[in-house]
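A.B. asks: Below, each chain spelled out in residue letters.
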Amino acid sequence: MKKVIAMLLTLALTAGLLSGCGQANSNSSAASAATSAPSSTADTASHKLTVWCWDMNFNGAAMNKAAEIYKKTDPNFELEVVDQGDWDTVQTKLSTIASSKDYSQLPDIILIQDNAFQKNYKGYPDVFVDLTNKIDYSKFAEGKTKYSVVDGKNYGVPFDNGAVIYGYRTDILEQAGYTIDQFTNITWSTWLKQAKDVLQKTGKPLLSCQAGSSDIINMMLQSAGASLFDAQGNVNIVNNDVLYKVADTYMQMLKDGTCIECTDWSGYTDSFTSGSVAGTMTGCWIAATIQKAEDQKGKWKITNIPSLDGVKGATNYSNNGGSTWAVTSNCKNVDLAADFFAKTFAGSTDLYDGVANAGVLATYLPAAKSSVYSQPNEFFGGQPIMQIITEYASHVPAINGGAYYYDARDAVCNAIVKIQSGTDAKTAFQEAEDTVNFSMGKN
Amino acid sequence: MRKNYDANSDTGSSKAAVLPSTQDSGHRLTLKRRQSLAGWIYIFPAALLIVVMSFYPMIQALILSFKTGVSNNMKWAGVYNYTRLVQDKVFIQALLNTFIYLLIQVPIMLILALILASILNKPSLKCKGLFRTLIFLPCATSLVSYSIIFRTLFAINGYINTVLIHLGILSTGYNFLGHPNSARIVIIIALIWRWTGYNMVFYLSGLQNIDSSVYEAAKLDGASKSQTFWKITVPLLKPMILLTAIMSTNGTLQLFDESVNITSGGPANASITLSHYIYNLSFKYMPNFGYAAAISYVILVIVAVLAFLQMKVGDTRD
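Taken in sequence, the protein lines are chains A and B.
So for the first sequence, this note's numbering puts the first residue at 1; every next one is plus one.
So for the second sequence, this note's numbering puts the first residue at 444; every next one is plus one.
Okay, chain B solo, but in the shape it has when bound (with noise of 0.2 Å):
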């Protein structure tokens, strides 16, 4: 065994280079192969299943979404699909919706937790878990129950309009489930409300990773605590806040809960979500599978353009 590292150290390579040493040559490949192999045999049940479950699902949507024709009675179609998406009315209002939510509520989102995050990351803070805690439960709740008190809240005779008239500000209550921008915006707080503290959990463990001799060194400098946030704080976390970021533009627009539970896609349409179309065409309405995965695809290009953007954007790392 000595003799094979030796064989791989400097001082073993001139022997190696010297003798025609098949026999270390060979070793030193065998050794090499045998690990990358030992490295493929771990891998490969894994890799496997991911094969089997996602890209051949994958792969199937795709050769379905060149299809069309109702329910089971599919026949080769090439590009209508995609050509149908670009007239349908539907579409371009769920598109439009999914972009609102996406660059409304995600830079929101995403400053709250941060700002969050950096004051329950003080040291002289009390009770810090249990605030912590308090934020990141709305995301342990189901998707269905919350979206569903939000519903119940924002209704006609609802807690909020409740509240409202209470305080003299609405003289009756208003249809926030009925009007297209307020519907809108109902969605976008219950979507803050509950991945804030999602979001928060991610910056506080990159914060953990952040040296406090730095923040020392700033406020000996004479930083205030905007500069020291956003001059330091931030570039640190940015690896951090890519991260957040894609998970956020890939949860967001594939919305599907909240457009069904709280509003139904909104009056005529207003606040409905691309995941939720796609639902309606395979199951509410007749079904047409093909479109739909047509629809699933054009997700899963805007999603990876979005991340691709973001990745050049935001990775500092070569």
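Just chain A, same shape as in the assembly (with noise of 0.2 Å):
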């Protein structure tokens, strides 16, 4: 008996090993598939083109859109997207995949998150293709254009929009006796005093961020067209007047309660889709996550961000986030994969209408005056969002981000905690310039 038992289970662990093997080669397999695509595809039907992006509701969408445009003028264009997840996975698989310098492995177009570009382009320049003469340039904002700009050249086709927007809970700005138009062309000063006031009648802060890596100080430094980083990429932290008052006022808001500090993402746009805080200050792509608390339909609406006093070249504009199309040397057909881009994120206003419900929003200024930009959003109380965004965009100071953004990026945030808990600025500060200059190998 023990023995038919023993038999039993052991026949079952073997089946059941055999059929787990089974499906892991066939998933290894259709995986090595995918990444072998490229190459032999690519080879063989040059009218073939493979992405790797993320956010299929987003990113994707365009893609598709666009090859369906494409596909009107060639019929026998193919576009195969690749979901990769998120930036993150992009990133390591570039990395990975340009150490080893096989880029075999690579797509023909690959999506880049644009405080990266200048950081990918400088450690793998052989990754990129030059696309200067090949894209009109001139219809896409500057501000946006300049991150994928690598000593005057272009690399990158400018995709969706990251200007700054200030989204405000009306109805919470009526309670405390405020309209959105005391919220518009101000400037921090004005801001702090206000939030304050609204804090106390309302009980509710009018911002929120993710502590520790917070994009509120670089969304003003850039909105005075300051950098972290000069004109010759050399790192300016400590003798940066501009990023002092950022600081000051940062830490104001934090110490006044009017801006409070999330662990992480989801606490962050937890804090004002459920309503805890009346307001945000980040790229326009937030528009998709505040619609999404429902209830709160018609009490937002969108303004532009407070600029700096008394910093020569303060604007009320600044950008935050989004990405830029690039295409990679292993792509075998560059003069296809230009032409779709010309013929369609940088030609078409129908591929960025057929997506504006996407919440894409374009950077490629036509755009900004088709009808469907046009139009009415209810939630935001009836603005026509779309083309307020692309005309904000439009302002936008460009800067040189530069390739160690996010080395410099940290090292302040590092420095400002430091400063929450006493250290005096300056020290804090020149620590954090040390911190960069070491990354950078200048010690």
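Do not take every clue at face value.
Claimed, not checked - To be clear about the criterion: a stretch of chain A counts as covered by chain B if any three or more of its residues have a C-beta under 8 Å from a C-beta of chain B, and this derived list gives those stretches:
id, segment
1, 83-96
2, 117-125
3, 255-266
4, 401-409
5, 435-441
Claimed, not checked - Covered by chain A, per the in silico footprint, the following chain B stretches (three or more residues, Cβ under 8 Å):
id, segment
6, 522-534
7, 725-731
Please keep in mind that the hints were generated in silico from the structure rather than gathered at the bench.
Being a predicted model, the structure only gives us computed values, none of them experimental.
Note that the Cβ used here is the ideal one computed from N, Cα and C, for glycine as well.
Hey, can you piece these two chains together into the complex? The hints should help.
C.D. replies: Okay, structure coming up:
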């Protein structure tokens, strides 16, 4: 009896193991087919392009729509979009493949986060293809195009808009006796005063952010055309007057309680979707997340951001995030890719109209004039937000984020944490600058 | 055949000494050689695999650590990376954090595992299987999932804060992950929760090997519970304790998932670990693979030194 049971168990286990192996084999062979597809199919069918990106509702939707439009002029065209999950995955894959110098695993087109573009170009210049004369860049907002420009040459096609908006809960503002116009075209000192008033009257802060990796600092810097790096690419922290003003404002709002810090991304998005925070300031792509809070329909309006006091060149506009399409050197038919982009992302307002519902906002300036973009958005109290945002994008100061963007951002955030616990500002920023210089190899 | 065996035995050795039996001695060597050759053939594929997949990359990493440069543009730099290490404030902070975790978390966890194992080894305890499963279950969870859950638990409006406010201990949520010391404590608690069960299973198996007659004799001699524990159980479990100590040291020094997912390196690098720093250097910041490789060799050296020390102290075999 025991022998029979033992035999049955062994058979069951073996069957399970074999089927598991079979699954694993088919999965891995499918995966290897997918990754080897770029090289093999690009060789034979020169009318196929592969794309790596994340977020199929947003980036993927735009690519597929572009393929539809391009097929009208070129019926043999094929596009394969491979979803990578998120930017970090794309970055890790890109780094790994580029380090191995075997570029055959790369797709033809890859989506790159703007803040990481300079870093990836500097590290792996052979991966990118020069697109300078193949696309008409004059129709794109300069502040956006600059991310993919190195030594005067363009290496990418600007894609989604990261122009910063400040969304406010108009009902909360009304409660405290303010209208949205009183928060438009103002300076940060006015904002601090008014926000404190709103907090006192309604108990709600007007801003929230992620602790430790706050983009608010960089947004404020860029609004004044400043950056953590100077024109030569050297780090500029401890002698950066604009940065001190930014840091002061940032710490003041934290102290007042008008801006609260959240532990992570979902904490941050929950803060305004749940209603505990009455405003948010970040890239316009946040509109999709704001609109998830359906019970707040009609209670939001967007406007521009406050400008820094006493800083020459300060504006009410900035940029945060956004991405750019790049053509990789693994692409066997660069002319096809360039033509594809020229006729869609850099030439067709139909494309941007078609994906406007997905929240994809263009940096392609002619798109702002289309009728779809001027449609009022009920959630935001009837404002034609897409038109407004595209207009904001044209005012964003262009800056040199530098290849060491993430190093500098983290170093500055760490410095601010230290300043909050009592360290002197100059010492903390000197340490930050030393850290970044260290990473850059200049000590 | 029989003749050959006789040649090896005592009775046959005189024969072997008398006869210049090249055939006999030839056979003896060939048999031994054949046996050891068979052994080598069995080991060879696995050894080859280890050399190619583990040792060769290790040597390449060592060579890489002597180069410096950004991404693919590497050039020889001698010991530059190693001298750079000692001046790198972030590296020193990461090293400090890793040692804090090592010195606080590992002893607490091992002692807890030991106590739990001896409690759960009592023959008279009911539902032993259930308790053992419950305590071991945390190790079966995914590192990322449990880290994210711990982060949510300790968030400002998380469950822990809600309970503490409810009990009246706090008036508003305490930012556990926003202060350096509490961030490290959260990581330590998470690690203890996860790995105690794992070490407990090792100790349980070690305890099974201890004869119950030893305990009976101790009871007859009038030893108290704590005396039995410290003077009998622990010394008899020494090899097992040594094993778990080395494994835990190795694991803690290479801590990664918790640092990334619970605290993201903590407020201003207060809870970042060495492996997390290596990841940042390779993927998040401007990639400097030579420097990252140098840091990974530092980890290797520390682990080797600590393992050696522990073996010296704990290994009572000859």
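A.B. asks: Flag every earlier hint the structure violates by its number, smallest first.
C.D. replies: Violated hints: none; all satisfied.
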